[in-house]
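Each chain is listed here by its residues.
Number of protein chains: 2
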Amino acid sequence: MATLKVPVHVPSPSDDAEQLRKAFEGFLEVVHLEMDSRSDLSQLIIDILAHRNAAQRNSIRKVYGEAYGEDLLKCLEKELTSDFERAVLLFTLDPAERDAHLANEATKKFTSSNWILMEIACSRSSHELLNVKKAYHASYKKSLEEDVAHHTTGEYCKLLVPLVSAFRYEGEEVNMTLAKSEAKILHDKISDKHYTDDEVIRIVSTRSKAQLNATLNHYNTSFGNAINKDLKADPSDEFLKLLRAVIKCLTTPEQYFEKVLRQAINKLGSDEWALTRVVTTRAEVDMVRIKEAYQRRNSIPLEQAIAKDTSGDYEKFLLALIGAGDA
Amino acid sequence: MATLKVPVHVPSPSDDAEQLRKAFEGFLEVVHLEMDSRSDLSQLIIDILAHRNAAQRNSIRKVYGEAYGEDLLKCLEKELTSDFERAVLLFTLDPAERDAHLANEATKKFTSSNWILMEIACSRSSHELLNVKKAYHASYKKSLEEDVAHHTTGEYCKLLVPLVSAFRYEGEEVNMTLAKSEAKILHDKISDKHYTDDEVIRIVSTRSKAQLNATLNHYNTSFGNAINKDLKADPSDEFLKLLRAVIKCLTTPEQYFEKVLRQAINKLGSDEWALTRVVTTRAEVDMVRIKEAYQRRNSIPLEQAIAKDTSGDYEKFLLALIGAGDA
Numbered sequence: 082m083a084t085l086k087v088p089v090h091v092p093s094p095s096d097d098a099e100q101l102r103k104a105f106e107g108f109l110e111v112v113h114l115e116m117d118s119r120s121d122l123s124q125l126i127i128d129i130l131a132h133r134n135a136a137q138r139n140s141i142r143k144v145y146g147e148a149y150g151e152d153l154l155k156c157l158e159k160e161l162t163s164d165f166e167r168a169v170l171l172f173t174l175d176p177a178e179r180d181a182h183l184a185n186e187a188t189k190k191f192t193s194s195n196w197i198l199m200e201i202a203c204s205r206s207s208h209e210l211l212n213v214k215k216a217y218h219a220s221y222k223k224s225l226e227e228d229v230a231h232h233t234t235g236e237y238c239k240l241l242v243p244l245v246s247a248f249r250y251e252g253e254e255v256n257m258t259l260a261k262s263e264a265k266i267l268h269d270k271i272s273d274k275h276y277t278d279d280e281v282i283r284i285v286s287t288r289s290k291a292q293l294n295a296t297l298n299h300y301n302t303s304f305g306n307a308i309n310k311d312l313k314a315d316p317s318d319e320f321l322k323l324l325r326a327v328i329k330c331l332t333t334p335e336q337y338f339e340k341v342l343r344q345a346i347n348k349l350g351s352d353e354w355a356l357t358r359v360v361t362t363r364a365e366v367d368m369v370r371i372k373e374a375y376q377r378r379n380s381i382p383l384e385q386a387i388a389k390d391t392s393g394d395y396e397k398f399l400l401a402l403i404g405a406g407d408a
Numbered sequence: 082m083a084t085l086k087v088p089v090h091v092p093s094p095s096d097d098a099e100q101l102r103k104a105f106e107g108f109l110e111v112v113h114l115e116m117d118s119r120s121d122l123s124q125l126i127i128d129i130l131a132h133r134n135a136a137q138r139n140s141i142r143k144v145y146g147e148a149y150g151e152d153l154l155k156c157l158e159k160e161l162t163s164d165f166e167r168a169v170l171l172f173t174l175d176p177a178e179r180d181a182h183l184a185n186e187a188t189k190k191f192t193s194s195n196w197i198l199m200e201i202a203c204s205r206s207s208h209e210l211l212n213v214k215k216a217y218h219a220s221y222k223k224s225l226e227e228d229v230a231h232h233t234t235g236e237y238c239k240l241l242v243p244l245v246s247a248f249r250y251e252g253e254e255v256n257m258t259l260a261k262s263e264a265k266i267l268h269d270k271i272s273d274k275h276y277t278d279d280e281v282i283r284i285v286s287t288r289s290k291a292q293l294n295a296t297l298n299h300y301n302t303s304f305g306n307a308i309n310k311d312l313k314a315d316p317s318d319e320f321l322k323l324l325r326a327v328i329k330c331l332t333t334p335e336q337y338f339e340k341v342l343r344q345a346i347n348k349l350g351s352d353e354w355a356l357t358r359v360v361t362t363r364a365e366v367d368m369v370r371i372k373e374a375y376q377r378r379n380s381i382p383l384e385q386a387i388a389k390d391t392s393g394d395y396e397k398f399l400l401a402l403i404g405a406g407d408a
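Keeping their order, the protein sequence lines are chains A and B. In this note's numbering, each residue carries its 1-based index in the first sequence increased by 81. In this note's numbering, each residue carries its 1-based index in the second sequence increased by 81.
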């Protein structure tokens, strides 16, 4: 369930494109930038782009390019700065292109705490992930998998490459015999602290989400703990943290994203990079559920937490995306 | 370049379907099967199905199902037997469904010499392989990758899972710096006999075919041998055989298939399973090149070799697919 609010009567893509173009041009004419024209432009960008769905934004971008011979994204890049710029650019991108962009950034500066690759691999549907791979081919003239395989090492490589390579079955059919036997395999390996065992990686990276759910339910029932509790044996182990995040992202993505938001907001100085990523990627998907999870866990609404932690156009844009106020 | 011959004037799918239906019914009426009616039916099947492309065969199957309430494949299965049956059924299937079927058979009775999974993973284009994975989901309610991962072990698993999971970039762009550095990695690992090293698997399973070609050319130039020569250190090692086949399949598929055909035909009693597979899967793809390679290597035309080694309707069907005689 999306929080994005699209007005009942949406202007045509060419009307939207024209409005944006005029605002850019008006803004450029003002030599000494006045506060008014800057905020007018920002407000217009928010009014239009934060209230159109992916298909509508794609149409605006297409029409804009045809009418004015420039890429709308390049124009936005010229006018905007800082966190507001990143949020607007990311959100305006088509979801598959956006994920390809985020994944490519991640392969360039991969650190063990950079989980975007896992997040994209595990929280998107098989077909969405496939579209990310196609967009990656188109933008970077290579494959996502080869970049991940090339830029990661050791146990991270062993887990992340199959995760991003996966094309999981998406049906609801579940094999209960298999669920039992694989729950036992997982429990045996985890009990022996063989967290990077081939079988653990195989089960987590190839089984359908429905099958994995059945396996983990069986794990819980038969062995007395949720798997993620057993995976907390060494709380400081970075690989175990990633593995827990994988499980969470595959089975309860809204809880995974709630935690990313919570950590981003509670951080000293707050982590706008993560905040922007989660809001722009989930606003059209499951932000309603994420907000519910946030409220439940933190006892304040996400809107309020974001408003307290951010300011200006950036704040307005994020709040619009998570559905605060009217379309 | 395909060898399949489609007549200039192709009957409509419903005409073809009707002809087949009438022949099935006529055949059923004859209680004591006469040689004539059997051979009439076989000839009709060859005349129609061995001379229609994949789209046309799909249409015939669709129209047949709608008109007579039965799957054409099931009807063919009832009427035909043995090698002719398998060849007709495999060829009539849509290419992606056919590969999914072959791959599923392979996961069920995997032996180290069963290379069909590798063959499908390496000789199909990225988009063809993707369609195989989609067909696999649809037919078997699970993913190809999970079955391969589940049913293979050890070094075969380590190589085959990333190969079938790949979605390689298909463009012609090549990074020469990367080609040099990865040629050196390959040479170092092979010199140390680390054939199953992560880096070897990574390069072979993720790089685009164009990039891999550049890397292997560089290998040849810099280190004095083609990689497959260096991979012959231990000729009886089954994993090395598979790795050489992977390289061949990725870089010169027609030579790979020529060898499969040669071994199938020269075998005592000949290997119809392999012969049928190669002819039905390549007739619409690159059989012209495979025939050239066969003639070059064996000094007799493939047609002649197949005619010598097979007989009856099966022979006629294979010869029709490899373009012997008229459409």
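Please note that the accuracy of each hint is not assured.
For identical chains, the list gives no copy identity; a pair is met inside one copy or between any two copies.
To be verified - Taking lysine-lysine pairs in the DSBU-like style, the calculated list, with each CA pair at most 30 Å apart, reads: (1) K261 - K190; (2) K261 - K189; (3) K340 - K143; (4) K313 - K155; (5) K261 - K322; (6) K265 - K190; (7) K103 - K322; (8) K239 - K103; (9) K143 - K322; (10) K261 - K222; (11) K329 - K313; (12) K270 - K189; (13) K215 - K290; (14) K329 - K270.
Derived by calculation from the structure, the hints in this document are not laboratory data. Source: prediction; values computed, not measured.
Margin query: Taking the earlier hints as the rules, which of them does this structure contradict?
Written below: Result: hints 3, 4, 7, 8, 9 break, sorted rising.
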